[in-house]
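There are 2 protein chains.
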Amino acid sequence: MTNKFYQQFRLGVLGGGQLGRMLIQSGIDLNIEFNVLDPDANAPCSQISHFTCGKLTDFDTVMAFGEKCDLITIEIENVNIDALKELVKKGKKVFPQPEVIELIQDKRVQKQFYKEHGIPTAEFILTENRSDVLKYASAFVPSAHKLGKGGYDGQGVQIIRSTDDLHKAFDAPGVLEKLIDFEKEIAVIVSRNERGEVRVFPSVEMVFHPEANLVEYLLSPAQIDDALENRAAEIATSIIEKLKMVGILAVEMFLTKDHKLLVNEIAPRPHNSGHHTIEANATSQYQQHLRAILGLAPGNTEAILPAAMVNLLGEEGHTGVANYSGLEEVLAITGTHVHLYGKKMTKPFRKMGHVTIVDRDVDSLKKKIDFVKKTLKVTT
Amino acid sequence: MTNKFYQQFRLGVLGGGQLGRMLIQSGIDLNIEFNVLDPDANAPCSQISHFTCGKLTDFDTVMAFGEKCDLITIEIENVNIDALKELVKKGKKVFPQPEVIELIQDKRVQKQFYKEHGIPTAEFILTENRSDVLKYASAFVPSAHKLGKGGYDGQGVQIIRSTDDLHKAFDAPGVLEKLIDFEKEIAVIVSRNERGEVRVFPSVEMVFHPEANLVEYLLSPAQIDDALENRAAEIATSIIEKLKMVGILAVEMFLTKDHKLLVNEIAPRPHNSGHHTIEANATSQYQQHLRAILGLAPGNTEAILPAAMVNLLGEEGHTGVANYSGLEEVLAITGTHVHLYGKKMTKPFRKMGHVTIVDRDVDSLKKKIDFVKKTLKVTT
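These protein sequences, in sequence, are chains A and B.
Residues in the first sequence are numbered from 27 upward in steps of one, following my numbering.
Residues in the second sequence are numbered from 27 upward in steps of one, following my numbering.
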């Protein structure tokens, strides 16, 4: 990797959503030329990159796209793995590695990986179809039944609280998992480059929307003690090292009521739980991902100020061209950073943007979160 | 201005250099569609905007460009003012206002403005040609002779230290100004929106390169006492209010050895002396400019961490395709933020990028500045 690297280097990104958009905002600083593939001609990255409209799951489309690039990465996991493997065979660098994405695409393989490598996770059993679920359910109620492949953003998960819920189980390969009665959910982002240098971001604490199963807001750093913080970092480090992954990995964990950490899900890319790092940490997750895949030194991950991140979701009952009300009022509050994702159309619970709020004083921060949530709305 | 404003709103920017590039990076967050005009097809903004290649000083080019836009701003002052005035007549918003840009394009008019409005500035006399300079020089040695129009980045200024230097004076309308034996040079950035809301950034202290007459690095906040800090803010506020300007204004001032502040130059746009605000202040100068011209609430300008900004200039003796050496080493230092400007070709003293360094400890910060300056080089 020569120093000439930083000019007219073509980075290919599979997926053109908001994560890609923020990756571009960060990568502009390193003279990276972004080439983006996404099936939506109006994707958030379409206006600020060399954009190709095409299917991420189609072998030929991904091959043709990848062949134009010097390095390929992803901002969504649902991509054609065979094409990525073929690109690696042809000498292209693909980070995260196709095998890692493949493992993460299938929740069954992911759970087995945890088990084999001693990574703490909720007790589970693999199910092939609905009758498997009926068979095992009694030992696992309450439980979550998760589709092996294809689940996304709250899709592909059914909560089984009693036998009355059993009809909701998927009639396809899945995982039946003991429902964790957790105290908190936290997330840790960890990065690793080809030289094996690993850096962990301070953990964040997530608060979920009760209906949409999407993160409603998060607090950084998480309000947990040092022992747990260290344990969370240790688990995240162990996973990225065992995967030998290059890039960044978001690790979502449950903190159980008896103070154990159990890994819930992982994502091998910039993640919703790391948006706040743009303003609140010494290095953002986007810059850290670029540094990891480009083989650069990892940045310092220190949290500079306490921060909250509020997802800006489309309001229920509104589908159509988006209108942002309350934006003026929110921008007037000290420490707010509004990020809109360039999406023309809104629909209920669609991620339309986010607001990061930084404040030295955590009580003041919490008041601002309430204000932002009450004030800023995406309607039609 | 409705809330629909933030989608597919076309902002036109005259000039496509690094200031425009960083404005785009910030404006992506507000769903702004950037339309950029620049005579260089490979300008730093060309890859990340709707780009038009054309002359900024040509009436028809600026008119045709401006008519496609909802709002027009600048990132360089040398633009066709008649076209901008005509666009205003046709109902387009142009911020900063054409009259302000016009005033600032001519150092003679600028100096007279200071005098008329009681803004402190170095003693001066207007000169029409070289023989005027010969006539007045004796009363003004040592002095700076500045071209009225067309000076840029250290061009258009000649230092007259003795009668031997008089042949260097411009034979064109200019200003002969008493050379200030200053202790420091500081800069203050101030913003104002249409509602008249004004916000001032903390002042920064500049250190110049002895040969190139370009800022070599700056320190934020400036190491001056509160009385001077308040006085600097007061002067900057007074200028932007008297200009009734909308947008941001950079005010460069000399701090004389007897602790007076004298205004040196002003620029009605994001400025080299405000790059550090991206990482070091609650709101960046780019976001503040956008907020001002869009009629939004101004952001908080507080300095969060002490910062230094080092300009990354093309090395002497190197002209051609740029190569960045030492980039890896610099990125490895905690608190460094490298911004490259996407310029393929380097030449001596060309601004190729900058590095902002943040550090809670000012001594540590100064060591890092030295390291960055020693390590990071742009050669061929």
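Treat the hints with caution; some may be incorrect.
You can't tell identical chains apart in this list, so a pair holds if it fits in one copy or across any two.
Here are the simulated lysine to aspartate or glutamate pairs, DMTMM-like style, with alpha carbons at most 25 Å apart [unchecked claim]:
1. Lys118 to Asp251
2. Lys392 to Glu328
3. Lys210 to Glu128
4. Lys175 to Glu220
5. Lys94 to Glu154
6. Lys141 to Asp396
7. Lys119 to Asp158
8. Lys119 to Glu355
What the hints contain is simulated information worked out from the structure, not anything from laboratory work.
Keep in mind it's a predicted model, so treat the numbers as computed, not measured.
Legend entry - Homo-oligomer pair classification [Glu128, Lys210; C-alpha up to 25 Å]: neither (29 Å within a copy, 59 Å between copies)
Inset, instruction - At 25 Å max between alpha carbons, let me know whether Lys119 reaches Asp158 within a copy, between copies, both or neither. - result: neither (40 Å within a copy, 66 Å between copies)
Inset, instruction - Go through the copies and call it for Lys141 and Asp396: within, between, both or neither, with a Cα cutoff of 25 Å. - result: neither (40 Å within a copy, 50 Å between copies)
Inset, instruction - Could you figure out if Lys94 and Glu154 sit no more than 25 Å apart (CA to CA) within one copy, between two copies, both or neither? - result: For Lys94 and Glu154, the Cα distance exceeds 25 Å both inside one copy (40 Å) and across copies (58 Å).
Inset, instruction - Classify it for me, Lys119 with Glu355: is the Cα-Cα distance of at most 25 Å met within a copy, between copies, both or neither? - result: Between copies only: 23 Å across chains, 45 Å inside a chain, cut-off 25 Å.
Inset, instruction - At 25 Å max between alpha carbons, let me know whether Lys392 reaches Glu328 within a copy, between copies, both or neither. - result: both (21 Å within a copy, 20 Å between copies)
Inset, instruction - Indicate which option fits the pair Lys118, Asp251 if close means a Cα-Cα distance not exceeding 25 Å: within, between, both or neither. - result: neither (43 Å within a copy, 56 Å between copies)
Inset, instruction - Pop the pair Lys175 and Glu220 into one bin, within, between, both or neither, using alpha-carbon distances up to 25 Å. - result: neither (28 Å within a copy, 53 Å between copies)
When each numbered hint is compared with the structure, violations occur for hints 1, 3, 4, 5, 6 and 7.
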